[in-house]
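Enquirer: The residues making up each chain are set out below.
There are 2 protein chains.
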Amino acid sequence: MVDPARINWPVPEPELPEGVHLALVEAAQAAATAYRAARHSHGRADLGATVADGADGTPTMRVDALVEDAIAESAHRNGVNLLSEEAGFLDHGSAVTLVVDPLDGSSNAASGVPLSCFSGVVTTDGVASEALTVWLDTGRAWWAEAGRPTPYRTSGRTTLDGASVNLHRPKAGSMDGWHRLMGRIGRLRVLGTTCLEAALVAEGSIDAFADPGSDAHRLVDLAAALVMLPSAGGVVLDVHGRPLTFDPDLTRRWSGVVAATPQLGEDLVAAILG
Amino acid sequence: MVDPARINWPVPEPELPEGVHLALVEAAQAAATAYRAARHSHGRADLGATVADGADGTPTMRVDALVEDAIAESAHRNGVNLLSEEAGFLDHGSAVTLVVDPLDGSSNAASGVPLSCFSGVVTTDGVASEALTVWLDTGRAWWAEAGRPTPYRTSGRTTLDGASVNLHRPKAGSMDGWHRLMGRIGRLRVLGTTCLEAALVAEGSIDAFADPGSDAHRLVDLAAALVMLPSAGGVVLDVHGRPLTFDPDLTRRWSGVVAATPQLGEDLVAAILG
Numbered sequence: 020m021v022d023p024a025r026i027n028w029p030v031p032e033p034e035l036p037e038g039v040h041l042a043l044v045e046a047a048q049a050a051a052t053a054y055r056a057a058r059h060s061h062g063r064a065d066l067g068a069t070v071a072d073g074a075d076g077t078p079t080m081r082v083d084a085l086v087e088d089a090i091a092e093s094a095h096r097n098g099v100n101l102l103s104e105e106a107g108f109l110d111h112g113s114a115v116t117l118v119v120d121p122l123d124g125s126s127n128a129a130s131g132v133p134l135s136c137f138s139g140v141v142t143t144d145g146v147a148s149e150a151l152t153v154w155l156d157t158g159r160a161w162w163a164e165a166g167r168p169t170p171y172r173t174s175g176r177t178t179l180d181g182a183s184v185n186l187h188r189p190k191a192g193s194m195d196g197w198h199r200l201m202g203r204i205g206r207l208r209v210l211g212t213t214c215l216e217a218a219l220v221a222e223g224s225i226d227a228f229a230d231p232g233s234d235a236h237r238l239v240d241l242a243a244a245l246v247m248l249p250s251a252g253g254v255v256l257d258v259h260g261r262p263l264t265f266d267p268d269l270t271r272r273w274s275g276v277v278a279a280t281p282q283l284g285e286d287l288v289a290a291i292l293g
Numbered sequence: 020m021v022d023p024a025r026i027n028w029p030v031p032e033p034e035l036p037e038g039v040h041l042a043l044v045e046a047a048q049a050a051a052t053a054y055r056a057a058r059h060s061h062g063r064a065d066l067g068a069t070v071a072d073g074a075d076g077t078p079t080m081r082v083d084a085l086v087e088d089a090i091a092e093s094a095h096r097n098g099v100n101l102l103s104e105e106a107g108f109l110d111h112g113s114a115v116t117l118v119v120d121p122l123d124g125s126s127n128a129a130s131g132v133p134l135s136c137f138s139g140v141v142t143t144d145g146v147a148s149e150a151l152t153v154w155l156d157t158g159r160a161w162w163a164e165a166g167r168p169t170p171y172r173t174s175g176r177t178t179l180d181g182a183s184v185n186l187h188r189p190k191a192g193s194m195d196g197w198h199r200l201m202g203r204i205g206r207l208r209v210l211g212t213t214c215l216e217a218a219l220v221a222e223g224s225i226d227a228f229a230d231p232g233s234d235a236h237r238l239v240d241l242a243a244a245l246v247m248l249p250s251a252g253g254v255v256l257d258v259h260g261r262p263l264t265f266d267p268d269l270t271r272r273w274s275g276v277v278a279a280t281p282q283l284g285e286d287l288v289a290a291i292l293g
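In the order they appear, the protein sequences are chains C and B.
Just so you know, the first sequence maps onto residues 20 to 293 in this note's numbering.
Just so you know, the second sequence maps onto residues 20 to 293 in this note's numbering.
Any given hint might turn out to be false.
What the hints assert, rightly or not - If you want a taste of the chain B side facing chain C, the calculated C-beta under 7 Å gives, among others:
#1 130
#2 171
#3 188
#4 205
To be verified - For the chain C half of the interface with chain B, some residues (derived, Cβ under 7 Å), not all of them:
#5 23
#6 39
#7 41
#8 126
#9 131
#10 170
#11 171
#12 201
#13 205
#14 211
#15 224
Just so you know, these hints were derived from the structure itself, not from any lab.
Glycine included, C-beta positions come from ideal geometry on N, C-alpha and C.
In isolation and in its complexed conformation, chain C is listed as follows (with noise of 0.2 Å):
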């Protein structure tokens, strides 16, 4: 019998290129298995109970709880340090620290909205070398390797007008830019998931990707774009200018810009800042 209250749709396994640090498959697949197990033993109001709160300052919900213990024993097992958005920084006294957004799109991962990924990035010494987003509702993954290019590659595009960019969802410091942009885009989509939506500007499905001044984004949302968009063609900003950097303060927040273009990029920060 179908429980009407669960979310009854399979999570498959990652589908993970060679190459792949052992530690970032085995924390990708430790989420896909967790966020699976999750959705088998809970309902949406359950997964999206407030539980905790998080390292990065705000509250952590059951689902995100759950796949972060998995990803958090599998470096554990694999003796890799963990900077990841609920527990912070979990120290195994390794060179090596994995970056990672364990459940981003939580809202859509627990209402049953089928958007929401893993995210990590390998760093040595902070210096980061690889990224992997995988969807988790469909498996599909996407891998890039710092300063190689991609086998996908961002759509090259230079212009607002008309483009067809992605916006996080309006929250009290981005109405003004929602409003700038709103007449300016093409075609505006809100996904809810900054992960999978600087995946689809990597591969060139939209132009571009922008929280348009709320400052929502932690490291853990922007890492894997940070080494995924430049292998790609594409950029990574923040509205403000402040840079990006791999710095394990999880209370730090940029307005993150990820576009096809260094060009487009400018361009919709200027937009966006009027």
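Assemble chain B onto chain C, guided by the hints.
Expert: Frame of chain C; chain B shown alone:
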């Protein structure tokens, strides 16, 4: 070698339940097969190129035409009539007419945003008996029979403030409605595919979907929802109270509201009208 101009993700076979009308099964399968072939043969720009003007008065993209042609052939083979977005009414002398949106979310389908659907309804002498929506990027399907409860249910939410509401993208005619809703919605998303968004309302993953006043919807966009939502506990309304009927005139338009409950639907209509 991967061609970055192509959409390089698979289009799986639709996962259809037992009992679906054979003509509807074959139309859905034809849509998936044609969309897969189109992505294999054409890059994004080619898929989105305008090739004709549709019966609904809007431009037809190449990807729309390729998918609709396959469905029309399938309907002819099955001896049923077809009412479809671009081709209009194709009379094969049957009492049964399939009312079909061949490729809902055409812009997504052409650009590679993995959110597009086949959606169809079986009508006999103008009375709808069943509806099927297939998310082509995953093969997930939602089926409903008129007047029979579905295994999935809406969220049951009755209040607008704080609700999870998807909106049709902002257009001339919907900006006032957009602004009135933005302050009241708890979680706003814009996916660009009415049929999938209606299915997410039906299964309880979001509370509602609305076009806030731009008359964006034709019958084919809302036909499946008209069967599916009542069966799942929800409702389909027009912002201006015009009755939604299975009328073959595809130049008719509605500002559709799809909601988990009649009360939430009425509240959304009132909020959009202001």
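Enquirer: Decide, hint by hint, whether the structure agrees.
Expert: Tested hints:
Interface restraint check for residue 130 of chain B: the shortest CB-CB distance to chain C comes to about 5 Å, inside 7 Å, so the restraint holds. For the restraint placing residue 171 of chain B at the interface with chain C, the shortest Cβ-Cβ distance is roughly 5 Å, inside the 7 Å limit, so the hint holds. About 5 Å separates the beta-carbon of residue 188 of chain B from the nearest beta-carbon of chain C, less than 7 Å, and the hint is met. With 7 Å as the threshold, the beta carbon of residue 205 of chain B stays out of range of chain C, its nearest partner Cβ sitting at about 9 Å, so the hint is violated.
Interface hint status for residue 23 of chain C: upheld, as the beta-carbon distance to the closest one in chain B is roughly 4 Å, under 7 Å. Taken as an interface hint, residue 39 of chain C does not check out: its beta carbon lies about 17 Å from the nearest beta carbon of chain B, beyond 7 Å. Because the smallest distance between the Cβ of residue 41 of chain C and any Cβ of chain B comes to about 24 Å, over 7 Å, the interface hint for this residue is violated. A hinted interface residue such as residue 126 of chain C counts as satisfied when its beta carbon comes closer than 7 Å to some beta carbon of chain B; here the least separation is about 6 Å, so the hint holds.
Given hint, residue 131 of chain C at the interface with chain B, holds; its Cβ is 3 Å from that chain's nearest Cβ, closer than 7 Å. Residue-level restraint check for residue 170 of chain C holds (minimum Cβ-Cβ distance to chain B is 4 Å; threshold 7 Å). For residue 171 of chain C, the interface hint holds, the least distance from its beta-carbon to any beta-carbon of chain B being 5 Å, beneath 7 Å. Interface hint status for residue 201 of chain C: upheld, as the beta-carbon distance to the closest one in chain B is roughly 5 Å, under 7 Å.
Taking 7 Å as the C-beta contact cut-off toward chain B, the hint placing residue 205 of chain C at the interface is violated, the least distance being around 9 Å. For residue 211 of chain C, the interface hint holds, the least distance from its beta-carbon to any beta-carbon of chain B being 5 Å, beneath 7 Å. The interface hint given for residue 224 of chain C is met, as the beta carbon of that residue sits about 3 Å from the closest beta carbon of chain B, less than 7 Å.
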